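Novice: Listed below, chain by chain, are the residues.
Protein chains: 2
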Amino acid sequence: MSNKFIIAIDLGGTNLKIALLNSRYKIIAKELLSTKKFTKSTLIQAIIKSVNKILEEHGIARKSLLGVGLGVPGPINFKKGIIYFMPNISGWHNVPLRAILRKRLALAVFLDNDANLMSLAEYRLGAAKGAENAVCLTLGTGVGGGVIINRQLYRGSGSVAGEIGHIPVNLTGPRCNCGGRACLEAYIGNSKIEKVAERIFKEKINLAQLSALARKNNRKAIKVWDEVGSILGSALVGVINLLNPDCIVIGGGVAGAGRVLFNKIREIIRGQAMPIHRRAVKVHRAKLGADAGLIGAALLVDENAG
Amino acid sequence: MSNKFIIAIDLGGTNLKIALLNSRYKIIAKELLSTKKFTKSTLIQAIIKSVNKILEEHGIARKSLLGVGLGVPGPINFKKGIIYFMPNISGWHNVPLRAILRKRLALAVFLDNDANLMSLAEYRLGAAKGAENAVCLTLGTGVGGGVIINRQLYRGSGSVAGEIGHIPVNLTGPRCNCGGRACLEAYIGNSKIEKVAERIFKEKINLAQLSALARKNNRKAIKVWDEVGSILGSALVGVINLLNPDCIVIGGGVAGAGRVLFNKIREIIRGQAMPIHRRAVKVHRAKLGADAGLIGAALLVDENAG
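Going line by line, the protein sequences match chains A and B.
Residue 136 in our numbering is what sits at position 136 of the first sequence, and the numbering runs on without skipping anything.
Residue 98 in our numbering is what sits at position 98 of the second sequence, and the numbering runs on without skipping anything.
A couple of the hints might just be wrong.
Chain copies aren't distinguished; within one or between two, either way the pair holds.
Derived DSS-like pairs: lysine-lysine, alpha-carbon spacing no greater than 25 Å straight-line [unchecked claim]:
1. Lys216 - Lys36
2. Lys282 - Lys80
3. Lys79 - Lys282
4. Lys79 - Lys30
5. Lys220 - Lys37
6. Lys37 - Lys80
7. Lys53 - Lys80
8. Lys223 - Lys195
9. Lys37 - Lys202
10. Lys40 - Lys192
11. Lys220 - Lys202
12. Lys216 - Lys80
13. Lys80 - Lys30
14. Lys53 - Lys195
15. Lys223 - Lys49
16. Lys40 - Lys63
17. Lys216 - Lys103
18. Lys220 - Lys192
19. Lys49 - Lys37
What the hints contain is simulated information worked out from the structure, not anything from laboratory work.
All of these numbers come straight from a predicted model, not from anything done at the bench.
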């Protein structure tokens, strides 16, 4: 750990967050922009402007800055700092964003997938702290994931590992956006859960309502979360039997369903994972909330700069 | 690599193999015993007798021996060298076999799971040589597996990682011997494939016949292997999207079905794994055959002794 400041950027389909963190990963300043109003080139411009503004406002010289970490919602080439594409932000194909930003900001820049950064944050400072091997999930519009192996973020041979949302959970099933079939995400992405809810409630109901109702022990809401928990639990049984992790962390909006969802997931793991595997693993709710992506981006700089 | 000899032992449900290998992992001598005729204590006695005999016959002094490597068909505690249990050999529960053999042989002894050792052998000397991240499977009565991560055998938090055969492939399905449900092994273990064959052929047919018929383009046999390949392919899609390996190796008796089976597996991966993931991965047939377990046991000694 250096005593320098870090800039962390979380690029999401909806929001672009830019933050200044101190050397203890505390967020000192944060700016929120709407991703939707930018094209590719105006978005890069907005990042540069925002970084320069934040440094100026806080009187921070470039030499007091360790670097810039950036999380993106899509697959990247980690070594080269290239964004392959982003499913929910059009116009980005094979963009060497790290090189572009490094040149225009005159700062060290590191990129990673947003789910990897959430996992890194939960591992270093959150619910998976101290784990040797952990698997982290974020449940949202999509189902993202990250894998910690031997106390390090595991990126795989093409830096695209961790796609827990795209584990097939059934031999037949709906086509998934990824091109696959019967993927976990095709069952428990936010819009899919709302469809389950509509079937059970016979009316439209959103996820916040569904979580609130479950906490009040509403039977139909519990039925929805039981169904979600069973499917997620089944995918996790496979992950547990394959990787024998000591920790699983689940975050994202859907994790707000809380106890009802987590109880079902734990019940499936107890009932179906192999005995030694299930005894080795703990399932935790993510701790760092909506800022996990920014904190992970700062940790990425810390791990790779200098 | 030292220039010492190594003793490798492969304990299977049917056969107990004991071999002497030179420092280049070449098998110089091999003894085959029937596992079934032993109890726990007579089996340990037989191992000791056989090791001593092999050393004597080849005039090898203990100081010319690097150690003894032993593969077992069940979960073990790697650090402590304890066999938890063996599904197909009764009477073994929490047996500290490493300590027992070390004391009675006066040699360095290392234990690992047989599927891990097959994976280690294929990675160091076989079809996964040169890979950075690989997943190896053996198809037999059970479906075993091993995972290579960052050029090392990955054992997980409780040294029981790699249970690819116990990834659930469906949300509902048959109970598995492991206590789980709809596991890969419950669909493509040898006896399950024979059941599929019986359904399609409307008569009993064994796996060797089924492989031979497929090589002669028999339609019904191809249908059986297509079904097996589809289910195995679906499980591998999940493993590929999760781990982003550059290599998958498939061995064991069933791999004898050859081209028909491998074509189907590759077709499923091409059609359903995520684009960057599927382009990164190659699927190979195992190279080392029935001696992979012995070679892996020798490599285990090489990696851990001295």
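Novice: Give a verdict on every hint.
Specialist: Evaluated hints:
Taking identical chains as interchangeable, the C-alpha atoms of Lys216 and Lys36 are never at most 25 Å apart, the minima being 36 Å within one chain and 58 Å between chains. Only between protomers do Lys282 and Lys80 lie at most 25 Å apart by alpha-carbon distance; the minimum there is 23 Å, versus 35 Å within a single protomer. Taking the shortest Cα distances, Lys79 and Lys282 sit within 25 Å of each other only across copies (21 Å), while inside one copy they are farther apart (32 Å). Neither within a single protomer nor between protomers do Lys79 and Lys30 lie at most 25 Å apart by alpha-carbon distance, with minima of 28 Å and 47 Å respectively.
In this assembly of identical chains, Lys220 and Lys37 lie within 25 Å of each other by CA distance neither inside one copy nor across copies; the values are 39 Å within and 58 Å between. Taking the shortest alpha-carbon separations for Lys37 and Lys80, neither the intra-copy value of 28 Å nor the inter-copy value of 59 Å comes in at or below 25 Å. Neither within a single protomer nor between protomers do Lys53 and Lys80 lie at most 25 Å apart by alpha-carbon distance, with minima of 27 Å and 57 Å respectively. For a Cα distance limit of 25 Å, the shortest separation of Lys223 from Lys195 inside one copy, 13 Å, qualifies, whereas the shortest one across copies, 36 Å, does not.
When the C-alpha separation of Lys37 and Lys202 is checked against a cutoff of 25 Å, the pair qualifies neither within a copy, at 36 Å, nor between copies, at 64 Å. Taking identical chains as interchangeable, the C-alpha atoms of Lys40 and Lys192 are never at most 25 Å apart, the minima being 30 Å within one chain and 53 Å between chains. In this assembly of identical chains, Lys220 and Lys202 lie within 25 Å of each other by CA distance solely inside one copy; the values are 10 Å within and 46 Å between copies. For the homomeric pair Lys216 and Lys80, neither the shortest alpha-carbon distance inside one copy (49 Å) nor that between copies (48 Å) is at most 25 Å.
Taking the closest pair of Cα atoms, Lys80 and Lys30 never come within 25 Å of each other, the shortest separation being 27 Å inside a single copy and 50 Å across copies. With identical chains, the CA atoms of Lys53 and Lys195 are never at most 25 Å apart, being 43 Å at best within one copy and 69 Å at best between copies. For the identical chains of this complex, Lys223 and Lys49 are neighbours neither inside a copy (48 Å) nor across copies (61 Å), given an alpha-carbon limit of 25 Å. Neither within a single protomer nor between protomers do Lys40 and Lys63 lie at most 25 Å apart by alpha-carbon distance, with minima of 29 Å and 68 Å respectively.
Neither within a single protomer nor between protomers do Lys216 and Lys103 lie at most 25 Å apart by alpha-carbon distance, with minima of 54 Å and 61 Å respectively. For the homomeric pair Lys220 and Lys192, the shortest alpha-carbon distance inside one copy (16 Å) is at most 25 Å, but the shortest distance between copies (38 Å) is not. For a Cα distance limit of 25 Å, the shortest separation of Lys49 from Lys37 inside one copy, 15 Å, qualifies, whereas the shortest one across copies, 78 Å, does not.
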